[in-house]
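Take a look at the letters that make up each chain.
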Amino acid sequence: MHHSIEVDDLYFAYPDGRKALQGVSLHIEPCEKVALVGPNGAGKSTLILHLNGILIGKGLICVAGLPVIKSNLGKVRARVGLVFQNPDDQLFSPTVYEDVAYGPLYQGLPPDEVQNRVSEALETVRMADYSRRVSHHLSVGEKKRIAIATVLSMKPEVLVLDEPTAGMDPRARRSLINLLRDLPITMLVSTHDMLMVRELFERMVIMDDGRIVADGQTEVIMKDEALLNAHGLEKP
Amino acid sequence: MHHSIEVDDLYFAYPDGRKALQGVSLHIEPCEKVALVGPNGAGKSTLILHLNGILIGKGLICVAGLPVIKSNLGKVRARVGLVFQNPDDQLFSPTVYEDVAYGPLYQGLPPDEVQNRVSEALETVRMADYSRRVSHHLSVGEKKRIAIATVLSMKPEVLVLDEPTAGMDPRARRSLINLLRDLPITMLVSTHDMLMVRELFERMVIMDDGRIVADGQTEVIMKDEALLNAHGLEKP
Amino acid sequence: MHIHFLDPYHHRISLVHSLDARVKFVLTIAFILTTALTPHAAWPVYILLFATILAATLLSELGIGFVLGRAALAFPFVLAALPVIFTLPGPALTSFSIGDWTLTVSQSGLERFISVALKSWISVQAAIVLASSTPFPDLMMAMRAVGVPRLLVAIFGLMWRYLFVLADEALRLLRARAARSGQADQPGLKNGGSVTWRARIAGGMAGNLFLRGFERSDRIYMAMVARGYDGEVRVAPLPPLHAGSWLALGSGLAVLAILLGLAYWL
Amino acid sequence: MLYAPLPMHIPDGFLSVAVSVVLWVLTVIAVAISLRRVSADLDERRVPMMGVLAAAIFAGQMLNFTVAGGTSGHLMGAALATILLGPWAAILVMTTVVGVQALVFQDGGLLALGGNIFNMGVIGVLVSYTVYRAVQKVAGGQKWGLYVGGFSAAWLSIFIAALAVGLQLALSGISPANIAIPAMAGIHALIGVGEGLITVGALVFIYASRRDLIEAGEKQQTGGAIVWFAGLAIAIALAIASPLASSNPDGLEWVAEEKGFLDAAQGPLYEIIPDYVFPGVSNEAVATIIAGIIGVVIVFGVAAGVAYSRKKRLTA
Ligand SMILES: Nc1ncnc2c1ncn2[C@@H]1O[C@H](COP(=O)(O)OP(=O)(O)OP(=O)(O)O)[C@@H](O)[C@H]1O
Ligand SMILES: Nc1ncnc2c1ncn2[C@@H]1O[C@H](COP(=O)(O)OP(=O)(O)OP(=O)(O)O)[C@@H](O)[C@H]1O
Ligand SMILES: [Mg+2]
Ligand SMILES: [Mg+2]
Numbered sequence: 364m365h366h367s368i369e370v371d372d373l374y375f376a377y378p379d380g381r382k383a384l385q386g387v388s389l390h391i392e393p394c395e396k397v398a399l400v401g402p403n404g405a406g407k408s409t410l411i412l413h414l415n416g417i418l419i420g421k422g423l424i425c426v427a428g429l430p431v432i433k434s435n436l437g438k439v440r441a442r443v444g445l446v447f448q449n450p451d452d453q454l455f456s457p458t459v460y461e462d463v464a465y466g467p468l469y470q471g472l473p474p475d476e477v478q479n480r481v482s483e484a485l486e487t488v489r490m491a492d493y494s495r496r497v498s499h500h501l502s503v504g505e506k507k508r509i510a511i512a513t514v515l516s517m518k519p520e521v522l523v524l525d526e527p528t529a530g531m532d533p534r535a536r537r538s539l540i541n542l543l544r545d546l547p548i549t550m551l552v553s554t555h556d557m558l559m560v561r562e563l564f565e566r567m568v569i570m571d572d573g574r575i576v577a578d579g580q581t582e583v584i585m586k587d588e589a590l591l592n593a594h595g596l597e598k599p
Numbered sequence: 364m365h366h367s368i369e370v371d372d373l374y375f376a377y378p379d380g381r382k383a384l385q386g387v388s389l390h391i392e393p394c395e396k397v398a399l400v401g402p403n404g405a406g407k408s409t410l411i412l413h414l415n416g417i418l419i420g421k422g423l424i425c426v427a428g429l430p431v432i433k434s435n436l437g438k439v440r441a442r443v444g445l446v447f448q449n450p451d452d453q454l455f456s457p458t459v460y461e462d463v464a465y466g467p468l469y470q471g472l473p474p475d476e477v478q479n480r481v482s483e484a485l486e487t488v489r490m491a492d493y494s495r496r497v498s499h500h501l502s503v504g505e506k507k508r509i510a511i512a513t514v515l516s517m518k519p520e521v522l523v524l525d526e527p528t529a530g531m532d533p534r535a536r537r538s539l540i541n542l543l544r545d546l547p548i549t550m551l552v553s554t555h556d557m558l559m560v561r562e563l564f565e566r567m568v569i570m571d572d573g574r575i576v577a578d579g580q581t582e583v584i585m586k587d588e589a590l591l592n593a594h595g596l597e598k599p
Numbered sequence: 124m125h126i127h128f129l130d131p132y133h134h135r136i137s138l139v140h141s142l143d144a145r146v147k148f149v150l151t152i153a154f155i156l157t158t159a160l161t162p163h164a165a166w167p168v169y170i171l172l173f174a175t176i177l178a179a180t181l182l183s184e185l186g187i188g189f190v191l192g193r194a195a196l197a198f199p200f201v202l203a204a205l206p207v208i209f210t211l212p213g214p215a216l217t218s219f220s221i222g223d224w225t226l227t228v229s230q231s232g233l234e235r236f237i238s239v240a241l242k243s244w245i246s247v248q249a250a251i252v253l254a255s256s257t258p259f260p261d262l263m264m265a266m267r268a269v270g271v272p273r274l275l276v277a278i279f280g281l282m283w284r285y286l287f288v289l290a291d292e293a294l295r296l297l298r299a300r301a302a303r304s305g306q307a308d309q310p311g312l313k314n315g316g317s318v319t320w321r322a323r324i325a326g327g328m329a330g331n332l333f334l335r336g337f338e339r340s341d342r343i344y345m346a347m348v349a350r351g352y353d354g355e356v357r358v359a360p361l362p363p364l365h366a367g368s369w370l371a372l373g374s375g376l377a378v379l380a381i382l383l384g385l386a387y388w389l
Numbered sequence: 040m041l042y043a044p045l046p047m048h049i050p051d052g053f054l055s056v057a058v059s060v061v062l063w064v065l066t067v068i069a070v071a072i073s074l075r076r077v078s079a080d081l082d083e084r085r086v087p088m089m090g091v092l093a094a095a096i097f098a099g100q101m102l103n104f105t106v107a108g109g110t111s112g113h114l115m116g117a118a119l120a121t122i123l124l125g126p127w128a129a130i131l132v133m134t135t136v137v138g139v140q141a142l143v144f145q146d147g148g149l150l151a152l153g154g155n156i157f158n159m160g161v162i163g164v165l166v167s168y169t170v171y172r173a174v175q176k177v178a179g180g181q182k183w184g185l186y187v188g189g190f191s192a193a194w195l196s197i198f199i200a201a202l203a204v205g206l207q208l209a210l211s212g213i214s215p216a217n218i219a220i221p222a223m224a225g226i227h228a229l230i231g232v233g234e235g236l237i238t239v240g241a242l243v244f245i246y247a248s249r250r251d252l253i254e255a256g257e258k259q260q261t262g263g264a265i266v267w268f269a270g271l272a273i274a275i276a277l278a279i280a281s282p283l284a285s286s287n288p289d290g291l292e293w294v295a296e297e298k299g300f301l302d303a304a305q306g307p308l309y310e311i312i313p314d315y316v317f318p319g320v321s322n323e324a325v326a327t328i329i330a331g332i333i334g335v336v337i338v339f340g341v342a343a344g345v346a347y348s349r350k351k352r353l354t355a
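Protein chains in written order, with our numbering: chain R, 364 to 599; chain G, 364 to 599; chain U, 124 to 389; chain Y, 40 to 355.
Honestly, the hints are just simulated from the structure, not real lab data.
All residues carry an ideal CB built from backbone N, CA and C; glycine is no exception.
Wrong hints could be hidden among the right ones.
From the derived model, a few chain G residues whose C-beta atoms are all more than 10 Å from chain Y [as the list claims (entries may be wrong)]:
no., residue
1, Asn-403
2, Leu-423
3, Leu-472
4, Asp-492
5, Lys-506
6, Arg-537
7, Asp-556
8, Ile-584
Only pairs whose alpha carbons sit at most 25 Å apart, straight line, appear in this in silico SDA-like list of lysine to any residue [unchecked claim]:
no., chain 1, residue 1, chain 2, residue 2
9, G, Lys-506, R, Glu-526
10, G, Lys-506, R, Asp-525
11, R, Lys-506, G, Glu-597
12, G, Lys-396, G, Thr-581
13, R, Lys-598, G, Asn-592
14, R, Lys-506, U, Asp-291
15, R, Lys-598, G, Thr-581
16, R, Lys-433, U, Arg-342
17, U, Lys-313, G, Pro-473
18, G, Lys-506, R, Ala-529
19, R, Lys-421, R, Gly-386
20, R, Lys-506, G, Asn-449
21, G, Lys-506, R, Ser-408
22, R, Lys-438, U, Arg-342
23, G, Lys-598, R, Asp-545
24, Y, Lys-258, U, Gly-354
Turn these sequences into a full structure, and let the hints steer you where they fit.
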């Protein structure tokens with residue numbers, strides 16, 4: 364049961380009445396990597412924000428074996444690493460070190476454990492010698508890696524990424540794809556990058572208008588041009 | 364001579380000493396559409412900012428028959444429509460109408476002429492019934508169209524776009540590509556979207572490290588994988 | 124686009140750079156306070172103060188030209204002190220007249236004016252050496268060490284982080300406006316619109332910047348919450364001061380005390 | 040520098056130590072109260088919001104519009120911050136803005152920072168608050184109240200803060216009150232118009248795009264009557280004190296000297312070396328020149344010593 368994502372019949376409306384999720388169910392096995400695609404406004408980001416209880420809708424969510432409810436939030440957030448689209452929103456500390464140490468520090472870990480977590484996370488994203496750097500001097504690709512390190516330092520059991528390749532040049536994108544391929548961890552990735560979906564993910568899920576409209580093997584779905592077009596997508 | 368872009372041996376360094384352009388020459392014929400590609404930091408945006416004198420480097424630039432020099436800036440800016448990557452940076456008026464009217468109003472055109480210009484521009488980007496809308500609430504794709512309308516209302520002779528499709532979903536991207544195809548105007552478009560390059564542009568220019576390293580038929584260049592890889596690009 | 128050049132920190136390998144930020148911070152404030160406490164027209168002490176800051180500049184490897192050049196930035200305000208030359212009572216040095224006005228330069232007035240200008244100039248050099256030799260995160264550590272509340276330091280940190288992001292946004296807004304500020308070929312048109320219209324456009328840009336700031340802060344908040352933020356600002360403990368740092372602090376303060384003593388009891 | 044700050048950031052050297060200390064004390068009190076009130080608020084979102092909006096104000100000061108003849112109007116932002124965030128958060132935001140300007144960009148002094156925060160942060164915010172609330176009351180929730188209130192708050196916050204700067208300079212004996220105050224007031228009466236127009240422009244934009252933010256700001260206006268009166272008292276006190284002071288500059292000078300605001304009376308130094316007449320050197324001019332030479336020698340001696348030891352260290 365561990366390391367998995369289970370969403371059952373989830374509904375959510377924003378305060379202004381906009382129904383962003385209308386009965387979403389999704390099960391992801393431990394260590395499976397799944398792509399989440401769909402047009403702008405489909406509800407992908409909204410769904411992702413539910414996975415660690417930043418938004419709380421109607422329905423059942425279990426992540427890494429824990430139900431996502433108020434009393435569990437601390438634990439859930441330690442187990443789910445959420446990487447947002449814009450690394451500038453995620454790197455809010457003055458230095459890279461402080462940013463990567465933020466999660467462990469808030470978990471109350473002792474200083475040398477924090478130190479270890481930071482080095483390890485930076486090692487994993489191959490940015491070990493960046494820890495004293497100031498975030499605003501980094502390139503988009505570097506920022507993205509650091510953003511991933513900020514959640515890896517919490518040793519999450521599940522990694523959720525929102526549009527990781529947006530705005531990257533081909534080289535940075537390639538190195539990110541390789542990094543994601545090598546991380547042995549449950550992964551849900553929302554994206555518009557259909558080439559990456561084909562390359563990296565065996566399973567894909569299509570959302571539109573707050574609902575899941577397709578869920579299956581990437582190979583099969585990518586061949587169904589009628590389905591893709593119906594939801595504003597294109598075959599790569 | 365009209366409607367063309369001519370850049371001869373252009374050099375530019377940022378105040379911090381970074382040499383962003385190191386001898387760029389580029390000639391574009393009236394009504395030609397050219398793609399400008401290259402890795403992050405190649406100097407694409409820097410080159411674009413020279414075309415209407417926002418940055419002024421060493422070298423000769425003529426746009427639509429006018430040399431880009433201090434005394435000409437007003438006229439040059441009326442002839443070159445520059446659309447930046449992030450439409451949020453361009454929509455600084457509360458409503459779509461006011462934003463599209465900025466250029467004509469600044470030029471001091473009479474009110475009914477301004478009115479005509481705005482309707483025409485919105486018509487062209489197929490957003491005619493959006494004029495009273497508040498820009499902030501539009502989708503990315505819609506904002507992008509409005510951003511294009513804000514320069515079309517100045518009736519430019521040359522259109523320059525910086526990464527127009529970044530962050531768009533496939534549907535919005537498709538409709539933008541169609542719009543660009545239909546505009547009968549000289550066009551220089553910087554982008555990382557190699558699929559769009561192949562689809563829309565007969566000619567492409569590769570920049571790297573402040574220099575133009577390839578300039579020719581898209582068909583030919585796209586086949587040269589060694590060249591593309593050497594400059595951090597990928598065949599689509 | 125990166126507004127790197129907004130960041131005043133200049134990386135060098137130097138004694139001043141390697142000094143603990145807390146020591147530098149306290150010494151800079153003490154230096155400026157000493158300068159302020161030095162009486163008007165205490166020229167010998169001014170010279171010693173200037174020599175001290177010059178020594179610090181040299182030790183910082185920042186370059187004298189750089190520091191003096193930046194120090195000139197604060198000069199326009201000196202205009203505010205100009206009138207004292209003519210209004211402070213004291214022995215007259217010279218007088219000249221402009222039209223019907225006769226202006227008399229008094230000695231005490233001139234002395235006070237030059238004193239203010241010198242003090243200001245010496246103080247700003249100290250501030251420049253501090254800012255150019257200390258990365259902002261270290262300055263924040265110094266702020267915490269001298270007792271600035273954690274919440275305020277956290278706001279400072281966020282502001283610093285997003286200063287560059289938003290300054291880039293502001294720069295792009297300015298560029299977008301410039302790009303659309305054209306001049307029609309038709310002759311006889313009045314370019315630029317009215318002043319209030321231009322002000323309103325600038326206001327729209329400010330509103331746009333603010334609004335995006337608001338929305339960004341929401342996303343940052345979510346990113347913070349996702350990593351455990353619960354409304355309380357937590358920070359790692361400050362590292363202890365080394366013996367060498369204590370020594371530097373002590374000797375620096377001693378030098379300043381001697382200078383101040385000289386100013387009063389010479 | 041990209042942004043042209045208002046001529047309101049007092050550098051070090053211009054405020055006497057006594058004036059600086061008094062202003063520091065006032066500032067610390069105001070900031071401490073604001074911190075308490077904001078923490079008590081329990082709205083966790085406000086920490087990132089204050090940080091980012093402080094950055095937005097700083098960056099917003101880069102935005103300008105041409106007035107005429109090469110001059111341009113800029114934003115200070117105290118009124119805008121007050122209207123959108125309420126007085127407490129606005130004080131913290133302005134404190135951060137002015138603090139970073141001083142600490143990092145030497146825009147305003149460090150010892151003078153207390154005064155600068157007080158003028159632009161505390162006075163600017165409290166006056167904005169009072170004016171904006173008053174106009175809102177009169178308007179009774181109608182839309183014009185937002186704009187008229189915004190404009191008057193912005194203009195008056197600049198104007199009153201400028202009066203305060205003038206008064207402080209006069210109290211420090213740097214500039215006679217009858218020149219400093221009218222000069223500051225005159226310049227900033229104009230600058231305030233720019234501030235007012237930009238503030239209204241920003242409010243129009245935000246009102247059209249996200250009315251809820253303005254309404255939320257409305258709810259944050261929880262300063263209560265005490266803050267309102269504090270702002271009113273400051274505005275009235277400065278408005279009355281300034282003309283009084285500038286029509287009686289000598290009176291102010293008298294206050295300054297009598298109360299010890301003027302620094303340490305012209306030093307004991309001269310009593311020992313009156314007019315720098317060196318023993319045995321009777322000609323005053325020669326004495327001055329000698330003094331000058333000694334000074335130059337000291338400075339160069341120190342510089343050379345440091346340079347020498349540094350070189351040795353580098354080559355060692
Ligand atoms: N804070 C909010 N308040 C109100 N409505 C919102 C809010 N955030 C999102 N929405 C709306 O909810 C719907 C789903 O938005 P969401 O951001 O989840 O889409 P998405 O699939 O992530 O799209 P994109 O590909 O553009 O990121 C959209 O219609 C959007 O306009
Ligand atoms: N304001 C600036 N100050 C200093 N250096 C800058 C500035 N803007 C850009 N640069 C540098 O100039 C070089 C060219 O940048 P430019 O933005 O033109 O690249 P680009 O090709 O548009 O890249 P991208 O694909 O990321 O948009 C880069 O090395 C960049 O870091
Ligand atoms: Mg999304
Ligand atoms: Mg670019």
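Straight-line alpha-carbon gap R/Lys-421 to R/Gly-386, limit 25 Å: Holds - the C-alpha atoms of R/Gly-386 and R/Lys-421 are around 9 Å apart, at most 25 Å.
For the pair supplied as a hint, R/Lys-506 and G/Asn-449, is the alpha-carbon distance within the 25 Å limit? 19 Å, holds
10 Å Cβ clearance of G/Lys-506 from chain Y: With a cut-off of 10 Å, G/Lys-506 remains clear of chain Y, as the shortest Cβ separation is near 12 Å.
Given the proposed pairing of Y/Lys-258 with U/Gly-354, does the C-alpha separation stay at or below 25 Å? At roughly 20 Å apart (the allowed maximum being 25 Å), U/Gly-354 and Y/Lys-258 satisfy the hint.
Between the alpha carbons of G/Lys-506 and R/Glu-526, is the straight-line distance 25 Å or under? Holds. G/Lys-506 to R/Glu-526 sits at ~20 Å (cutoff 25 Å).
Report holds if the minimum CB distance from G/Asp-556 to chain Y is greater than 10 Å, and violated otherwise. Answer for G/Asp-556: holds, closest chain Y Cβ roughly 29 Å.
Per the stated criterion, does the least C-beta distance between G/Asp-492 and chain Y lie above 10 Å, as a non-interface residue requires? 18 Å, holds
Find the nearest Cβ of chain Y to the Cβ of G/Leu-423 and say whether that gap is larger than 10 Å. At about 28 Å from chain Y, G/Leu-423 clears the 10 Å cut-off, so the statement holds.
Compute the least Cβ-Cβ separation between G/Ile-584 and chain Y, then decide whether it is above 10 Å. About 39 Å separates G/Ile-584 from the closest Cβ of chain Y, which puts it past 10 Å; holds.
Are R/Lys-438 and U/Arg-342 close enough, with their CA atoms no more than 25 Å apart? It holds: about 21 Å lies between the C-alpha atoms, which stays within 25 Å.
Proposed proximity, G/Pro-473 with U/Lys-313 (alpha carbon, max 25 Å): 10 Å, holds
Is the claim that G/Leu-472 lies outside the interface with chain Y correct, judged by CB distances over 10 Å? About 19 Å separates G/Leu-472 from the closest Cβ of chain Y, which puts it past 10 Å; holds.
Going down the numbered hints, you'll see the structure goes against none, and every one checks out.
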